[in-house]
Amino acid sequence: MSVPQLRRGRRSPGDHSRETILAAARGLFAEQGFEGTSLRQVAREASVDPAMVHHFFKGKDELFAASVELPADPAGLLAGVENAEPEERAEALVRTVLELWEGPAQHALVAFARGTIGSKAKTALIREMVNRAVLPRIMAGLPGSADEVRLRGTLVATQVVGLMLVRYVIRLQPLASAKQEEVVRLVAPNIQRYLTGELDSPK
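If you're matching positions, the sequence shown starts at 1 in the UniProt record's numbering and goes up one per residue.
Keep in mind the hints are simulated off the structure, nothing from the lab.
Simulated restraints on C-beta separations:
| id | residue 1 | residue 2 | range |
| --- | --- | --- | --- |
| 1 | Ala140 | Ala111 | 26 to 32 Å |
| 2 | Ala79 | Ala23 | 29 to 35 Å |
| 3 | Arg193 | Ala65 | 27 to 33 Å |
| 4 | Gly141 | Glu31 | 29 to 35 Å |
| 5 | Arg114 | Glu19 | 19 to 25 Å |
| 6 | Glu88 | Gly115 | 30 to 36 Å |
| 7 | Leu142 | Ala51 | 39 to 45 Å |
| 8 | Lys58 | Gln32 | 19 to 25 Å |
Given the structure is predicted, the values throughout are model-derived calculations rather than measurements.
Virtual Cβ for every residue (Gly too), placed ideally from N, Cα, C.
Make a model of the complete structure from these sequences and hints.
Next comes the structure, spelled out in structure tokens:
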């Protein structure tokens, strides 16, 4: 996935309006969440006509995605994970993470992760995105109550986020240079336990 090139030269008024809308949307999404934010509210916060928001963005989903500034689309990436059998989902998830982070988007992903750490607003946006677009796909079809599935999803997130940070951002050895198959062998079983295994402590 190529990283878009920055345009040079003077920005047009349309650029300014789009940036103003995005700035307003980021603030509202971070404060109120996706469901609590409307396009009309974004337009009011940005002091533009609602038609201007629709001119730049097809709908709230597209506006939210642009606000988060993700280097990759979660829906497309996680399609294979979502369709995997529950007992095989952890391995599919780890392989997907490794292929993404070791592909052309790696530099953009590392910059994105570093820019998010320490930013309260960006962290809130990421939390909303994970809750809406990532965890539902990873946990799709798994048995259990809503509360149990939600707990399992957050436990899975600890492993996945930890893997991404330690291997690609902090680059802590020997994990940073381990072969992909070794990472899958070591990490996937723990994620699989969080997905489908027993969570109770041994008696």
